[in-house]
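Count along the sequence shown starting at 1, add 37, and that's the number in my numbering.
Do not take every clue at face value.
Derived DEER-like restraints, expressed as beta-carbon distance ranges [stated by the list, open to error]: (1) ARG185 - ASP159: 37 to 45 Å; (2) ALA193 - ASN55: 22 to 30 Å; (3) ALA156 - ALA194: 31 to 39 Å; (4) ILE151 - LEU64: 15 to 23 Å; (5) PRO79 - LEU133: 35 to 43 Å; (6) ALA155 - LEU66: 41 to 49 Å; (7) LEU67 - ALA193: 34 to 42 Å; (8) LYS188 - THR78: 39 to 47 Å; (9) TYR163 - TRP113: 37 to 45 Å; (10) THR130 - LEU168: 29 to 37 Å; (11) VAL164 - THR130: 18 to 26 Å.
It should be emphasised that the hints constitute simulated quantities derived from the structure, not laboratory data.
Every residue gets a Cβ at the ideal spot worked out from N, C-alpha and C, and that includes glycine.
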Amino acid sequence: MPSTLTEAARPLDSARDNPFELFVLYLGLLVGAPLLFGAPTPGSTAELLGVFWGRVWAWLLVGGCLIALTGAWWTWWCWCGRWWPRIKPVASTGLLIEQLGLIAVGFGTVIYAIGVIAAGGDSGRYVPAGLVASLGLASLWRARRIRRWAKAVLHAAG
Numbered sequence: 038m039p040s041t042l043t044e045a046a047r048p049l050d051s052a053r054d055n056p057f058e059l060f061v062l063y064l065g066l067l068v069g070a071p072l073l074f075g076a077p078t079p080g081s082t083a084e085l086l087g088v089f090w091g092r093v094w095a096w097l098l099v100g101g102c103l104i105a106l107t108g109a110w111w112t113w114w115c116w117c118g119r120w121w122p123r124i125k126p127v128a129s130t131g132l133l134i135e136q137l138g139l140i141a142v143g144f145g146t147v148i149y150a151i152g153v154i155a156a157g158g159d160s161g162r163y164v165p166a167g168l169v170a171s172l173g174l175a176s177l178w179r180a181r182r183i184r185r186w187a188k189a190v191l192h193a194a195g
């Protein structure tokens, strides 16, 4: 456990500093947004989930990506606060917002992967399911790291 607040805050960077995470979150928006208002393409992997689980997956994916991106760009708002004194966001708040979004993305992608594997079908569908599941698990892992960071900061401050 870090002994000071500065040591506790140092090891965790914003998602804005990680282009891979930002790219995946933007890609999640592009993939999930059409499914919120329309049906999946016939023969697509998303069609295997069924109507209910397809909508749950799309809402978790899009909502989680939006929330996580809001948290990722929160540090930019902190930077803007130097010129506009009325804007007073705290950088650590951005990490907590990002954590909420990543939890939704993580569970949404795990639902997708389980649904695709449970539906069976072509063995070629296992590769996309595995990739999506690994992205979901990476999101949950990052959310866990943020939680551990917040716990360390609170412990050092307390």
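Comparing the hints with the structure gives:
Evaluation of the 37 to 45 Å hint for ARG185 and ASP159 yields a pass: the beta carbon distance comes to about 39 Å. For ALA193 paired with ASN55, a C-beta distance near 24 Å keeps the hint of 22 to 30 Å intact. The hinted range of 31 to 39 Å is not satisfied by ALA156 and ALA194, whose Cβ atoms lie roughly 48 Å apart. Judged by the Cβ atoms, the range 15 to 23 Å given for ILE151 and LEU64 holds: they are separated by roughly 20 Å.
Evaluation of the 35 to 43 Å hint for PRO79 and LEU133 yields a pass: the beta carbon distance comes to about 40 Å. For ALA155 paired with LEU66, a C-beta distance near 26 Å fails the hint of 41 to 49 Å. Between LEU67 and ALA193 the beta carbon distance is about 39 Å. The supplied range of 34 to 42 Å therefore holds. Distance hint check: the CB atoms of LYS188 and THR78 are about 43 Å apart, consistent with the given range 39 to 47 Å.
For the pair TYR163 and TRP113, the supplied restraint of 37 to 45 Å holds, since their beta-carbon distance comes to about 39 Å. The hint said 29 to 37 Å for the Cβ distance between THR130 and LEU168, and at roughly 31 Å that hint holds. Here the CB-CB span from VAL164 to THR130 is close to 38 Å, at odds with the stated 18 to 26 Å.
Violated hints, listed in ascending order, are 3, 6 and 11; each of the other numbered hints is respected by the structure.
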